[in-house]
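Asks: Sequence:
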Amino acid sequence: MTETTRLLKNVGARLSSGARGAVSRKQTPIVPSDNIAGRAMVLVIAIMTFLSCLTLGAVTLVRDTASTWQTQISREATIQIKPDEGLDMDAALAQARDIAAGYNGVLNANIVDAEATARLLEPWLGTGLDIESLPVPRLVIVTIDPTARPDFAAMRAELAQNVANATLDDHRTWVDRLVAMARTTVTIGMSALALMLSATALTVIFATRGAMAGNGHIIEVLHFVGAEAPFIASQFRRHFLFAGMKGAAAGGLAAILVFIGFYWWSSRNMATPEADQATALFGNFAIGPSGYIGVGAIVIVIAVLTAATTHVTVLSYLKNVDTAHPDTM
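Position 72 (the sequence shown) corresponds to 65 in our numbering; numbering is contiguous.
Worth flagging that the hints you see were computed from the coordinates, not collected in a lab. Bear in mind that the values here come from a model prediction, so they are computed numbers and not experimental data. Idealized CB from N, CA, C, for every residue including glycine. Incorrect hints may have been included.
Computed spacing ranges between beta-carbons, pair by pair [what the hints assert, rightly or not]:
1. T136 <-> R170: 19 to 29 Å
2. Y256 <-> M183: 20 to 30 Å
3. F217 <-> M183: 46 to 56 Å
4. G289 <-> A87: 51 to 61 Å
Input sequences plus hints: build the corresponding full structure.
Replies: Rendered as structure tokens:
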């Protein structure tokens, strides 16, 4: 009965303060500031927010990396000339370069010299290669203006007519496959993020209801002494909004620390083979401003979701109380 007496006195002070104005003494919170259920709910919200932010960061990283790959590939084309008996390779390379450079939309055309070609083959054939003695195709790298692409069909036809054993690869097949892969990856990632947010929403709902179940006697006392449903709901909404913000902020901050840790690791190990492979696939593990903005948005959404769920839960609980005890009204 001690807790009930305290609640009655506190409610009386709250209700009377609305008519008299501000009271001179500090009011005791209607909703208990801390309990086991509330701490558990904050922990659950923090964990689910952390997982949601990690999912969002992974989707952002894959999307940005795929966009970078697509941009880099689409800016270049390759002219390949296969060696043949009696073919003057140097003259053929120079002619192919001049043909490509004469088209609108070509920014530059460079011959990959013998030394550079040998370096490209070193991982497979070792050092000290004599490129001239091996049947190795030679390349001309054509740099393209992404805003005004050249007429590849006409270039391909002119090369076939004037340069023996020359083929043009505009990387269209690779670009199309990369675009399809990027779209599929982003779609899968966004679907996973949607499922994670849905799981977070359901977890918040059940965690909030579980926390509310421990405070049911408080709600009944407040309601029976005359406190209106909106007033009671506002008290619980504010309390659980702060709890949701605390848990969501903790989870979001933990995710940001993980992103910063990965970025720091990739920067410190840039020269190692493992870091080179990871950087080639995923960049420098920087999610960019959009990723951090997304983390902030997730934190806000989960905090607001917690408060809204609490508000609806309290009103639903009071409605059930009124239905079960109509004589108290």
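Asks: State for each hint whether it applies.
Replies: Here's how the hints hold up against the structure:
Between T136 and R170 the CB atoms are about 22 Å apart, so this pair conforms to the stated range of 19 to 29 Å. A beta carbon spacing of about 23 Å between Y256 and M183 agrees with the range 20 to 30 Å that was offered as a hint. Between F217 and M183 the beta carbons are some 48 Å apart, a value that agrees with the proposed interval 46 to 56 Å. Between G289 and A87 the CB atoms are about 56 Å apart, so this pair conforms to the stated range of 51 to 61 Å.
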